[in-house]
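In order, the protein sequence lines correspond to chains G and L. This note's numbering numbers the first residue of the first sequence as 7 and each following residue consecutively. This note's numbering numbers the first residue of the second sequence as 37 and each following residue consecutively.
Just to be clear, a hint being listed does not mean it is correct.
Unchecked claim - Facing chain L, a subset of chain G residues (Cβ under 7 Å, in silico): (1) Leu78; (2) Ile121; (3) Asp125; (4) Ser126; (5) Met130.
Stated by the list, open to error - Straight-line C-alpha distance at most 27 Å; calculated DSSO-like pairs for lysine-lysine: (6) L:Lys204 x G:Lys71; (7) G:Lys116 x L:Lys160; (8) L:Lys204 x L:Lys160; (9) L:Lys94 x G:Lys109.
Calculated directly from the structure, the hints in this document are not laboratory data. Where a beta carbon is used, it is the ideal one built from N, C-alpha and C, also for glycine.
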Amino acid sequence: MEPMDTTLEILSDKASHRPAEAEFEPEILAFCCHYCAFAAADLAGVMRLSYPPNIKIIRIPCTGKLDVLYLLKAFEKGADGIIVAGCEEGSCHFQRGNLIAKKRVVYAKKLLQSIGIEDSRLEMFNLSSAMGGRFAQIASEMTEQIKRIGPSILRSNKL
Amino acid sequence: MIVAEQKPIAEIISIAFKHKSILVVGCGTCVTVCFAGGEKEGKTLSSLLRMKAQMEQKLLEIEELTVERQCDHEFIEKIVPLAGKVEAILSLACGAGAQLIAEKFPDKIVYPGLNTTFLGITEKQGIWKERCLGCGTCLLDKTGGICPIARCAKNLLNGPCGGSQEGKCEVNPETDCAWQLIYERLKKLGQSECLEEIIPVKDWSTSRDGGPRKVIRDDLTL
Numbered sequence: 007m008e009p010m011d012t013t014l015e016i017l018s019d020k021a022s023h024r025p026a027e028a029e030f031e032p033e034i035l036a037f038c039c040h041y042c043a044f045a046a047a048d049l050a051g052v053m054r055l056s057y058p059p060n061i062k063i064i065r066i067p068c069t070g071k072l073d074v075l076y077l078l079k080a081f082e083k084g085a086d087g088i089i090v091a092g093c094e095e096g097s098c099h100f101q102r103g104n105l106i107a108k109k110r111v112v113y114a115k116k117l118l119q120s121i122g123i124e125d126s127r128l129e130m131f132n133l134s135s136a137m138g139g140r141f142a143q144i145a146s147e148m149t150e151q152i153k154r155i156g157p158s159i160l161r162s163n164k165l
Numbered sequence: 037m038i039v040a041e042q043k044p045i046a047e048i049i050s051i052a053f054k055h056k057s058i059l060v061v062g063c064g065t066c067v068t069v070c071f072a073g074g075e076k077e078g079k080t081l082s083s084l085l086r087m088k089a090q091m092e093q094k095l096l097e098i099e100e101l102t103v104e105r106q107c108d109h110e111f112i113e114k115i116v117p118l119a120g121k122v123e124a125i126l127s128l129a130c131g132a133g134a135q136l137i138a139e140k141f142p143d144k145i146v147y148p149g150l151n152t153t154f155l156g157i158t159e160k161q162g163i164w165k166e167r168c169l170g171c172g173t174c175l176l177d178k179t180g181g182i183c184p185i186a187r188c189a190k191n192l193l194n195g196p197c198g199g200s201q202e203g204k205c206e207v208n209p210e211t212d213c214a215w216q217l218i219y220e221r222l223k224k225l226g227q228s229e230c231l232e233e234i235i236p237v238k239d240w241s242t243s244r245d246g247g248p249r250k251v252i253r254d255d256l257t258l
């Protein structure tokens, strides 16, 4: 949990310093599997593809390492959206970590709904390490999606 | 083990929001194993409560702690320092644990965060099934290790009933008929003759009918 906590602190600091009147630029975390999405993000860079700077990547060894608590803590700290990006189904380096993650994402969406947070702030994607273009596309689509939903109430309502 | 399920979030939120501070206490034994009220579930629930409070701009202090077992005095001693700081306690233990906490802290309002469901087994990860009713007089020796009290909807001692069809219970077609299972198992073990023995009417006074039960072991009491 420690490295992620640090990342979230950074995220939360940045969020609190953003001027309120500026156009809404969402803070989106991307939990990326080391074997696919993280490599795809790297490839997107090598390919000189540009994607919104709103995406903050957190590398995880496999999406199967993802815990529902990581997602909840990220939202609690003020993230506007979360991407979970794992290998294509059937191609998990650890056989079925991405399938486990898929179920956890569905469960986390239910939890978010139960307290009135839009579940579309959280999405899971599957891609391979060769899909640099797809990663950039996902980043852009998710940024647009979160911009449409608006900022997280958890950030604006900080007591 | 005791199997439980977390109460609906909306119900827990309505309980928690009656107070300005609450202690969420997880239990590290049965309800941890069935993923209902352990440390992780306590953290998840606390996170959801914090977020909901923030969304509604309500001041709610949440303390979290998970003890080894809430049904033993020695473990709930650890709650004392935190309990003093809060208005109410939300116990994520079975009904027994929640009641011992209420006994231990007579001045605190104690809420259950779980619905205690049954005594059962883990069939596989994520699936639990009832296996024991705690009737106080075990008769598994007569029924091939399969309990007709817990697993037959009618608690029949000399089954099956006429509603059993193709090995399934008439109450729920997904449930195996306990007596069909007993028959097959005894046959396989070469103990079919056990089925000829009529099991007499059960003395339910050792079960709930005799009121709350108590076990005393003089060799262990101090």
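Comparing the hints with the structure gives:
no. : hint                : in the structure
1   : Leu78               : holds, 4 Å
2   : Ile121              : holds, 4 Å
3   : Asp125              : violated, 13 Å
4   : Ser126              : violated, 17 Å
5   : Met130              : violated, 19 Å
6   : L:Lys204 x G:Lys71  : violated, 39 Å
7   : G:Lys116 x L:Lys160 : holds, 23 Å
8   : L:Lys204 x L:Lys160 : holds, 21 Å
9   : L:Lys94 x G:Lys109  : violated, 32 Å
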